[in-house]
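Participant: This is what each chain is made of:
There are 2 protein chains.
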Amino acid sequence: MNEEKSCIIKHFSHYCSLSEEEKNLLLSLEESPTDIKSGTILWEMGDAANEFCTLKSGWAYSYRHLENGDRQILEVFLPGDIIGLREFAFSERLENVRMIDDGVICHFPHKRMLDIFRQSLPLTSVMFAIGSRQQALMTERLVTLARRSARQKMAHFLYEMYLRLRQTNPDISNQFRLPLSQEQLADVLGLSPVHVSRTFTALSEDGLVFRDRHHLTIPDLDALSYEGQFDDCYLTDNVRPLLGESA
Amino acid sequence: MNEEKSCIIKHFSHYCSLSEEEKNLLLSLEESPTDIKSGTILWEMGDAANEFCTLKSGWAYSYRHLENGDRQILEVFLPGDIIGLREFAFSERLENVRMIDDGVICHFPHKRMLDIFRQSLPLTSVMFAIGSRQQALMTERLVTLARRSARQKMAHFLYEMYLRLRQTNPDISNQFRLPLSQEQLADVLGLSPVHVSRTFTALSEDGLVFRDRHHLTIPDLDALSYEGQFDDCYLTDNVRPLLGESA
DNA sequence: TGCCTACTACAATATATATTATGGTCGCGC
DNA sequence: GCGCGACCATAATATATATTGTAGTAGGCA
Numbered sequence: 001m002n003e004e005k006s007c008i009i010k011h012f013s014h015y016c017s018l019s020e021e022e023k024n025l026l027l028s029l030e031e032s033p034t035d036i037k038s039g040t041i042l043w044e045m046g047d048a049a050n051e052f053c054t055l056k057s058g059w060a061y062s063y064r065h066l067e068n069g070d071r072q073i074l075e076v077f078l079p080g081d082i083i084g085l086r087e088f089a090f091s092e093r094l095e096n097v098r099m100i101d102d103g104v105i106c107h108f109p110h111k112r113m114l115d116i117f118r119q120s121l122p123l124t125s126v127m128f129a130i131g132s133r134q135q136a137l138m139t140e141r142l143v144t145l146a147r148r149s150a151r152q153k154m155a156h157f158l159y160e161m162y163l164r165l166r167q168t169n170p171d172i173s174n175q176f177r178l179p180l181s182q183e184q185l186a187d188v189l190g191l192s193p194v195h196v197s198r199t200f201t202a203l204s205e206d207g208l209v210f211r212d213r214h215h216l217t218i219p220d221l222d223a224l225s226y227e228g229q230f231d232d233c234y235l236t237d238n239v240r241p242l243l244g245e246s247a
Numbered sequence: 001m002n003e004e005k006s007c008i009i010k011h012f013s014h015y016c017s018l019s020e021e022e023k024n025l026l027l028s029l030e031e032s033p034t035d036i037k038s039g040t041i042l043w044e045m046g047d048a049a050n051e052f053c054t055l056k057s058g059w060a061y062s063y064r065h066l067e068n069g070d071r072q073i074l075e076v077f078l079p080g081d082i083i084g085l086r087e088f089a090f091s092e093r094l095e096n097v098r099m100i101d102d103g104v105i106c107h108f109p110h111k112r113m114l115d116i117f118r119q120s121l122p123l124t125s126v127m128f129a130i131g132s133r134q135q136a137l138m139t140e141r142l143v144t145l146a147r148r149s150a151r152q153k154m155a156h157f158l159y160e161m162y163l164r165l166r167q168t169n170p171d172i173s174n175q176f177r178l179p180l181s182q183e184q185l186a187d188v189l190g191l192s193p194v195h196v197s198r199t200f201t202a203l204s205e206d207g208l209v210f211r212d213r214h215h216l217t218i219p220d221l222d223a224l225s226y227e228g229q230f231d232d233c234y235l236t237d238n239v240r241p242l243l244g245e246s247a
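In the order they appear, the protein sequences are chains H and X.
Every letter in the first sequence is one number past the one before it in UniProt numbering, and letter 97, counting from 1, is 97.
Every letter in the second sequence is one number past the one before it in UniProt numbering, and letter 69, counting from 1, is 69.
Hints are not guaranteed to be accurate.
[What the hints assert, rightly or not] Derived pair list, reagent style DSSO-like, types lysine-lysine, alpha-carbon separation capped at 30 Å:
hint : chain 1 : residue 1 : chain 2 : residue 2
1    : X       : LYS10     : X       : LYS23
2    : X       : LYS37     : X       : LYS23
3    : X       : LYS111    : H       : LYS23
4    : X       : LYS10     : H       : LYS111
5    : X       : LYS56     : X       : LYS10
6    : X       : LYS23     : H       : LYS111
7    : H       : LYS10     : X       : LYS37
8    : H       : LYS56     : H       : LYS10
9    : H       : LYS56     : H       : LYS37
10   : X       : LYS10     : X       : LYS111
11   : H       : LYS111    : H       : LYS10
12   : H       : LYS111    : X       : LYS111
13   : H       : LYS23     : H       : LYS10
14   : H       : LYS37     : H       : LYS10
15   : H       : LYS111    : H       : LYS23
[Unchecked claim] A few chain H positions that, by computed beta-carbon distances, are all more than 10 Å from chain X:
hint : residue
16   : GLU22
17   : LEU29
18   : THR40
19   : GLU92
20   : SER132
21   : ASP222
Bear in mind the hints are in silico, worked out from the structure with no lab data behind them.
Every value quoted in this text rests on a predicted model; they were computed, and no experiment measured them.
Note that the Cβ used here is the ideal one computed from N, Cα and C, for glycine as well.
Work out the full structure, taking the sequences as your base and the hints as a guide.
Facilitator: Set out below in structure tokens:
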């Protein structure tokens, strides 16, 4: 098995250890990888929804357009993520999805999910767990957007990205690439681009974050985490031992 | 079967038609109903998470406390809802949950969920669909909190509550009980209580919503929906025909 | 080389919402 | 019936962030 190369197996392994059979089942979700270019729109609201995408490489984001022309970015997808999980219950896309980078994606139809449900209890549980973790992530963002200052929003988001990258990339340092423009960050955080700029200036005056184009440096990770009032519990290791339970 | 009385079966029936066996499986989640009084805290952050609750009657909400003393209400639960789904992947509670009303709840352990996964593909799919719908709901709230005005936030939330009530309560009219104080509404919408009051005043000056204590009247549902830029697609009927797919 | 565009910084001003404060109403226990 | 507390309305003020405008820098391309 060339599982080394499979982001999705890395991703799932984070939740439980996988048998060969399960690995194969997962690998089958990554058939027919397709190159896809930066800026490409994977789908738009209202399109028929009958498949998921796994992201093998590159970044993507989902977003909504508002009536007044604003845009809200809902989620940023990293390699190993499954795009479109949220739409399992719907026949139409609820969000637009767009590539940030050049990347590679694999499509698999919703039906394959039912195969997983049928064939592997652990994978079913992990799918459920991934959904539940996505919700936790979203909840956290909701709290932040609703209640915290621009400064905290930025700090929180940047630290979250660091943690998420580290999850599939354990060797990541306190410097990494964040291929989002200030405008895109504004659209994630519900701020104006101008204010994102101001806030970056303020954060780097305080030595918390340095940003040079798409390169980010976080001198003191704990300080940033504190600034964003980050509560690790929704991302870190206390993911429950599912297999233990099913035994 | 006294399925008439089961909110949860009503809730699930919204997604697909159920066999007797499946109904029994669901009914088994509503064993040992417990009376529970208004204001009771079901659990708090950090508590061990190893069961879900079904809400047979009464309302509840989940919330988080912030460092500065603010509170953010994350979700409002209605009869028929399952509380704690989000925490399936975690061993600790991520949120506090509190009863708004007197009510009746039933506990069932996470393990029972695995039984469902094992015993019924359709119910597994519906569970997944419910999770996915919850996420859609959250997404919508996130967009609203991040990008819309206080007026829109209120209108959006009130209309959403109307739709959700109608789902298990098809005979609901444009008047219903909303047992939330202005302070609680503020905590849902990320506003100050004062501003909630102002906004109610403004909305009723425009004839959109009348509120007398916990009694709400919406003279023109479409107008309110429009005011909140409500996009029905995430709640209404286009839930996909899951059973059709699995065949 | 030089233009063009995307991205960024910063300043002036405008606006929505928070904060603080005060007073009013309703229901409830005594 | 009285007083107390929860809840709500409204006004005055304060503050964070948006909006608008202008200008600077870096990279892509002729």
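Participant: Taking the hints in turn, state whether each one holds.
Facilitator: Now for the hints, and whether the structure bears them out:
1. LYS10/X - LYS23/X: Holds. LYS10/X to LYS23/X sits at ~10 Å (cutoff 30 Å).
2. LYS37/X - LYS23/X: 28 Å, holds
3. LYS111/X - LYS23/H: 24 Å, holds
4. LYS10/X - LYS111/H: 26 Å, holds
5. LYS56/X - LYS10/X: Answer holds: LYS56/X to LYS10/X is near 11 Å, not above 30 Å.
6. LYS23/X - LYS111/H: 24 Å, holds
7. LYS10/H - LYS37/X: Violated: LYS10/H and LYS37/X sit about 45 Å apart, past 30 Å.
8. LYS56/H - LYS10/H: With a Cα-Cα distance of about 11 Å, the restraint between LYS56/H and LYS10/H holds, given a limit of 30 Å.
9. LYS56/H - LYS37/H: 13 Å, holds
10. LYS10/X - LYS111/X: 23 Å, holds
11. LYS111/H - LYS10/H: The hint holds at about 23 Å.
12. LYS111/H - LYS111/X: Roughly 25 Å separates the two Cα atoms, so the pair holds.
13. LYS23/H - LYS10/H: Since the Cα atoms of LYS23/H and LYS10/H sit roughly 10 Å apart, the hinted pair holds (cutoff 30 Å).
14. LYS37/H - LYS10/H: This hinted pair holds, its Cα atoms lying about 24 Å apart.
15. LYS111/H - LYS23/H: Roughly 18 Å separates the two Cα atoms, so the pair holds.
16. GLU22: Its Cβ never comes within 10 Å of chain X, the nearest being 14 Å, so this holds.
17. LEU29: Per Cβ check, LEU29/H is outside 10 Å of chain X; nearest 16 Å; holds.
18. THR40: 22 Å, holds
19. GLU92: Incorrect as stated: the minimum Cβ-Cβ distance to chain X is 6 Å, not above 10 Å.
20. SER132: The assertion about SER132/H is violated, with a minimum of 4 Å to chain X.
21. ASP222: Its Cβ never comes within 10 Å of chain X, the nearest being 16 Å, so this holds.
Consistency with the previously given hints fails for numbers 7, 19 and 20, ordered from lowest to highest.
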